[in-house]
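Engineer: Sequence:
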Amino acid sequence: MSELVTGDAVVLGLRPAELPSRALALAIDLALVGTAFVLVSIGLAMATAKLDDAALAAISVASFLLVLVGGPIAVETLSHGRSLGKLACGLRVVRDDGGPIRFRHALVRGAMGVVEVLMTLGVVACIASLVSARGRRLGDVFAGTLVVRERVPAGRAAAVPPPPPWLVGRFAGLDLSAVPDDLWLAIRQYLTRMHQLDARVGWSMAERLAGELAT
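The opening position of the sequence shown corresponds to residue 80 in this note's numbering, with each subsequent residue numbered one higher.
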């Protein structure tokens, strides 16, 4: 699926996460990462008790980088933007065009997070999120990402229009198991908002989505 189609369709339906939900997700992530760091530090202290001070300092720095910095980067990369805290709060990190993030996006976010979150206790991140129109911290700005809400209250979700009666029978016989989840999301978001789009833009998006689905 082309990234442009995904972005056009998904961005229409996803809303930027608000600061309270982002702060809660971050607090959960920091608690988990902090616990892991403490456990790793205790284990390393027991295993390296006989080393000199220089070696202990090097090991401490390495464990800090691997656990507090490398851990969140690895989790966001492998989960495509859903850490445990974000999963609990129904949030996800996506690119500006709505597509899934890659390693480079998570790396920039993680590197900036050391300054924004760890070194300043989250003060810089909170200020940047409050100033930004879409609630982005500096890591999001430099990485070209956005934290969005995935879970929307059912009462506020727009209904997907039913298929024409003459297509119902044909749909029943199709095997749609190979269609990627991202494509289903893009199609759903388009169908719920196709009447809000310009006619030419909507027709162009419909043709591209139909081509992706047929493939």
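It should be emphasised that the hints constitute simulated quantities derived from the structure, not laboratory data.
The C-beta atom is built at its ideal place from N, Cα and C for all residues, glycine as well.
Heads up, some of the hints might be wrong.
[Stated by the list, open to error] Cβ-Cβ distance ranges computed for the label pairs, FRET-style:
| # | residue 1 | residue 2 | range |
| --- | --- | --- | --- |
| 1 | L118 | R267 | 40 to 46 Å |
| 2 | V140 | T199 | 16 to 22 Å |
| 3 | A289 | F221 | 33 to 39 Å |
| 4 | R213 | V193 | 46 to 52 Å |
| 5 | F221 | A153 | 15 to 21 Å |
| 6 | L118 | D176 | 37 to 43 Å |
| 7 | D254 | L111 | 38 to 44 Å |
| 8 | P241 | A190 | 43 to 49 Å |
Engineer: None of the hints should be skipped; say for each whether it holds.
Structural biologist: Hints and how they fare:
1. L118 to R267: 40 to 46 Å: Distance hint for L118, R267 holds at roughly 42 Å.
2. V140 to T199: 16 to 22 Å: The hinted range 16 to 22 Å holds for V140 and T199, with Cβ atoms some 20 Å apart.
3. A289 to F221: 33 to 39 Å: With a Cβ separation near 36 Å, A289 and F221 satisfy 33 to 39 Å, so the hint holds.
4. R213 to V193: 46 to 52 Å: violated, 22 Å
5. F221 to A153: 15 to 21 Å: For A153 against F221, whose Cβ atoms are near 19 Å apart, the range 15 to 21 Å holds.
6. L118 to D176: 37 to 43 Å: holds, 39 Å
7. D254 to L111: 38 to 44 Å: Taking Cβ atoms as reference, D254 and L111 lie about 40 Å apart, which means the hint holds.
8. P241 to A190: 43 to 49 Å: Holds: the Cβ-Cβ distance is about 48 Å, inside 43 to 49 Å.
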